[in-house]
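S.K.: Chain residues, written in single-letter form:
Number of protein chains: 2
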Amino acid sequence: MPGEDNVIYIGNKSVMSYVLAVVTQFNNGFDEVVIKARGRAISRAVDTAEVVKNKFMPGVEVKDIKIGTEQIVGEGTDKVNVSSVEILMVAKEKA
Amino acid sequence: MPGEDNVIYIGNKSVMSYVLAVVTQFNNGFDEVVIKARGRAISRAVDTAEVVKNKFMPGVEVKDIKIGTEQIVGEGTDKVNVSSVEILMVAKEKA
Chain G
3 MPGEDNVIYI GNKSVMSYVL AVVTQFNNGF DEVVIKARGR AISRAVDTAE
53 VVKNKFMPGV EVKDIKIGTE QIVGEGTDKV NVSSVEILMV AKEKA
Chain X
3 MPGEDNVIYI GNKSVMSYVL AVVTQFNNGF DEVVIKARGR AISRAVDTAE
53 VVKNKFMPGV EVKDIKIGTE QIVGEGTDKV NVSSVEILMV AKEKA
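Line by line, the protein sequences give chains G and X.
Per our numbering, residue 3 is the first one in the first sequence, and the count goes up by one each step.
Per our numbering, residue 3 is the first one in the second sequence, and the count goes up by one each step.
The following block holds chain G by itself, in its conformation from the complex (with noise of 0.2 Å):
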C-alpha cells in the first residue's frame, strides 16, 4: 500500500508498546510495515523486529534492512548526523 500508514517510528516508548503497534499494522490488512529508527533507538528498533517475528507473528519476516546517516539540526545552526535504520517486514505468502 502506498504511503506512510504502515511506517512505525521507533522512539523511547518500551518495546512492547512498537510490538503492538506493528503486530496491529498487520492485523489491520497491511502486507509489509516498515519500522523506523534514528540513534539510540535503532537497537529497540531491531529488539521490535526481532520480537515480532518470534513472538507473535511466525508468518513475518524481515525482507530488507537499510542504513543511512540523517543530518539533525541542532542548536542554533548545528548539524548533527545521526545513523538511522529501515527495517521492511512482510508478510509471507500464504501457500
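Calculated directly from the structure, the hints in this document are not laboratory data.
Treat the hints with care, as some may be off.
Since the list can't tell identical chains apart, any single copy or any two copies may satisfy a pair.
Said to hold, decoys possible - Below, simulated DSBU-like cross-link-like pairs (lysine-lysine); rule was C-alpha separation at most 30 Å, straight line:
1. K65 x K55
2. K94 x K15
3. K55 x K81
4. K57 x K81
Once you've looked at the hints, dock chain X against the given chain G.
M.R.: Showing chain X alone in chain G's frame:
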C-alpha cells in the same frame, strides 16, 4: 577469506575505535569485513558502518545486514534473549 579475522565485534569503546579497526582490516587486504554487535551496541555498529563508508572509505559499501536473537546465559541459569546484528561491508569492484 575464511576464518573470523575479518570480524569486528562492537563493544563499549568509542565509535572511532571501531571505525579504525574496520579501516585497518580493509587496508590489510581484506575484501570483506563483518561488524557484529548485540543489544545496545547495535546502534554503535550502524554508526561504525556509516562513518567508515561516508568519511573514510567511499570505495566500501554495505552489502548485507542480518538481524537475529541470541540467548545469553545470565546469572544462575537464567537465559536472556538479546538482539544481534551483522553488517557485511565489502570493497566495491575496482573497475
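S.K.: Indicate, hint by hint, whether the structure satisfies it.
M.R.: So, going through the hints one by one against the coordinates:
Proximity of K65 and K55 under a CA criterion of 30 Å is satisfied in both settings, with 12 Å inside one chain copy and 23 Å between copies. For a Cα distance limit of 30 Å, the shortest separation of K94 from K15 inside one copy, 28 Å, qualifies, whereas the shortest one across copies, 39 Å, does not. Within a single copy, K55 and K81 get their C-alpha atoms only as close as 36 Å, which misses the 30 Å cut-off; across copies the closest is 19 Å, which meets it. For the homomeric pair K57 and K81, the shortest alpha-carbon distance between copies (16 Å) is at most 30 Å, but the shortest distance inside one copy (39 Å) is not.
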